[in-house]
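Letter by letter, the chains look like this.
2 protein chains.
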Amino acid sequence: MRYLITGVSGFVGGHYLKYLSTKRAKPRIIGIDGNEPKWDFLANSFRKNIEFHKRSLLNRNFVFALIKKFKPDYIVNLASYSSVDYSWKHPAECFVNNTTIFLNLVEAVRKAKIKTKILSVGSSEEYGIVETRNIPLTEKTPLNPTNPYAVARVSQEQISRIYVAAFKIPIICTRSFNHIGPRQRDIFAVSSFAKQIIKSKKGKIKKIVCGNLDVIRDFIDVRDVIKAYDLLLQKGRTGEVYNVCSGEGHKLSEVLGMLQEIANTNIPVKGKAELMRPVDNPVIVGSSGKLKKDTGFRQEFDLFRSLTDILEYWQSVLATKLTR
Amino acid sequence: MRYLITGVSGFVGGHYLKYLSTKRAKPRIIGIDGNEPKWDFLANSFRKNIEFHKRSLLNRNFVFALIKKFKPDYIVNLASYSSVDYSWKHPAECFVNNTTIFLNLVEAVRKAKIKTKILSVGSSEEYGIVETRNIPLTEKTPLNPTNPYAVARVSQEQISRIYVAAFKIPIICTRSFNHIGPRQRDIFAVSSFAKQIIKSKKGKIKKIVCGNLDVIRDFIDVRDVIKAYDLLLQKGRTGEVYNVCSGEGHKLSEVLGMLQEIANTNIPVKGKAELMRPVDNPVIVGSSGKLKKDTGFRQEFDLFRSLTDILEYWQSVLATKLTR
Numbered sequence: 036m037r038y039l040i041t042g043v044s045g046f047v048g049g050h051y052l053k054y055l056s057t058k059r060a061k062p063r064i065i066g067i068d069g070n071e072p073k074w075d076f077l078a079n080s081f082r083k084n085i086e087f088h089k090r091s092l093l094n095r096n097f098v099f100a101l102i103k104k105f106k107p108d109y110i111v112n113l114a115s116y117s118s119v120d121y122s123w124k125h126p127a128e129c130f131v132n133n134t135t136i137f138l139n140l141v142e143a144v145r146k147a148k149i150k151t152k153i154l155s156v157g158s159s160e161e162y163g164i165v166e167t168r169n170i171p172l173t174e175k176t177p178l179n180p181t182n183p184y185a186v187a188r189v190s191q192e193q194i195s196r197i198y199v200a201a202f203k204i205p206i207i208c209t210r211s212f213n214h215i216g217p218r219q220r221d222i223f224a225v226s227s228f229a230k231q232i233i234k235s236k237k238g239k240i241k242k243i244v245c246g247n248l249d250v251i252r253d254f255i256d257v258r259d260v261i262k263a264y265d266l267l268l269q270k271g272r273t274g275e276v277y278n279v280c281s282g283e284g285h286k287l288s289e290v291l292g293m294l295q296e297i298a299n300t301n302i303p304v305k306g307k308a309e310l311m312r313p314v315d316n317p318v319i320v321g322s323s324g325k326l327k328k329d330t331g332f333r334q335e336f337d338l339f340r341s342l343t344d345i346l347e348y349w350q351s352v353l354a355t356k357l358t359r
Numbered sequence: 036m037r038y039l040i041t042g043v044s045g046f047v048g049g050h051y052l053k054y055l056s057t058k059r060a061k062p063r064i065i066g067i068d069g070n071e072p073k074w075d076f077l078a079n080s081f082r083k084n085i086e087f088h089k090r091s092l093l094n095r096n097f098v099f100a101l102i103k104k105f106k107p108d109y110i111v112n113l114a115s116y117s118s119v120d121y122s123w124k125h126p127a128e129c130f131v132n133n134t135t136i137f138l139n140l141v142e143a144v145r146k147a148k149i150k151t152k153i154l155s156v157g158s159s160e161e162y163g164i165v166e167t168r169n170i171p172l173t174e175k176t177p178l179n180p181t182n183p184y185a186v187a188r189v190s191q192e193q194i195s196r197i198y199v200a201a202f203k204i205p206i207i208c209t210r211s212f213n214h215i216g217p218r219q220r221d222i223f224a225v226s227s228f229a230k231q232i233i234k235s236k237k238g239k240i241k242k243i244v245c246g247n248l249d250v251i252r253d254f255i256d257v258r259d260v261i262k263a264y265d266l267l268l269q270k271g272r273t274g275e276v277y278n279v280c281s282g283e284g285h286k287l288s289e290v291l292g293m294l295q296e297i298a299n300t301n302i303p304v305k306g307k308a309e310l311m312r313p314v315d316n317p318v319i320v321g322s323s324g325k326l327k328k329d330t331g332f333r334q335e336f337d338l339f340r341s342l343t344d345i346l347e348y349w350q351s352v353l354a355t356k357l358t359r
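For the record, the sequence lines run as chains A and B. Throughout, the working numbering is defined as the position within the first sequence, counted from one, plus 35. Throughout, the working numbering is defined as the position within the second sequence, counted from one, plus 35.
Heads up, the list lumps identical chains together, so a pair's fine if it works in one copy or across two of them.
Taking lysine-lysine pairs in the BS3-like style, the calculated list, with each CA pair at most 27 Å apart, reads: (1) Lys53 with Lys327; (2) Lys270 with Lys146; (3) Lys148 with Lys124; (4) Lys327 with Lys203; (5) Lys103 with Lys124; (6) Lys203 with Lys307; (7) Lys146 with Lys124.
If you are wondering where the hints come from, they were derived from the structure by calculation, not from laboratory data.
Model the full assembly from the supplied sequences, consistent with the hints where possible.
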């Protein structure tokens, strides 16, 4: 099987490679990213299967030539300007870059006349502010994007629909909910909390700094996300949209409490205005019924397990730093 | 009043200038277009008010500098890759160019921190294939775009919503229905029919070639469209979307019949496969209730008047050509 994975140096990209290394016999992989990867968690023997290109996906000629030559069975588009905060600061860049990257990929497949399945990764942000009676969100819930990043993701989904209907390009769309897991950067809340807890245990800080703890989110372990993605490429229906989520809502304050419990700490918490967003959605919880029904997906990592692994990850990262 | 009009060399742009020449005392106008204009229908004295730039709106630095310096009261964005047929052949270009042009304009206003009102011109194509029970279409009818051009227009509207909500940029959106009127190019059905009728009267052709005559459309005279646009800039509510339409549906065959009646002809008609579209919406008729309620808009040009003027236009154009 030939995989083209964009955004391969990132959090999700790394976990996708890890998954393929255990589940697929000798996949051929081309990875693209603007940043060099750190793949120290992958076996050297597996890394030999990966051809890495440090290039921009906005470079259309490069994308076209590569896809025409490689003829991937699957394209997993993980590349994106995915920070909501960034999208408020640079709305035009976020919108244009996200949609252009996606269009470059699907146009390359269309023009090369190949039978590549494309995974179009969207976001639960597409639902925007939702009414409580619509929780859990199903794929039929009306979209109401409230930030530039979310608008870009909705556009990508609409573009997908057109390419499926008119050009028969097999695209499967996701609306992926909040990822958590080891190796996630600490600009994301849960990862940041875990890191702060470990630092505090080492006496480096005295308080946990946080944003709005009242929001309710549907957290799903990145390793389950990856499993869902690969199942969708095998069994998902072309042109359909799938929530990738756990189906459970947890208040951020509850998650922070669980982290403290697992770590056996009780560190004081301090809200910080800069971490609050201009518009925040109070509740985002999805239904994973369609995903389960069509692909047989079952969640492996519950919240407790994820949080334990995240704490262990920071424990090991910060230990390494201290002993260096 | 200072107007920045994009796509000023086109059909709608010309009529907008004509409108301003009679309705506004000494407006200052900057017009931008990739094509040179033909403004022989404008008085020379009025043309002196217009500063014309033959430039691409994809050139962001140019757009930013111009808007920062000119500080327009109004931006009327008529520039677009507006052909549905083109959008099927070049889906990516159509999408990216339409959204990028729009984003360049709104970003320029945001960054210059000026109070410019922006008219975001959308299309009835945004509604897509609609159920008969939803006719006439109101602004609350769900959108279901079925071609790349329509997807671009929906995105533009969603981007507008974000810029209004988060950055307080005063944008008013339209969904404009099928324009007709003198000076429209003959790639559009009604203009093409009128031209063919005049040519046939002169013995140049024997048959009228046409596409699908069964579609029902809401035709509105371009001079009424322009009046609606200018009223919306004065009285429309920021962040709102308005149908710009007549509220009446006419089968294309009926329009062709009226043209023949007015011209006193009975020319045979021949369907042509190349003029049929991959996906065609059978019925598109809008409600103009919101536009009328908020702006006091009243239609001046009924279908009979429009068709008469269109025939007269082609009569005069083809007479000139023959006597040259």
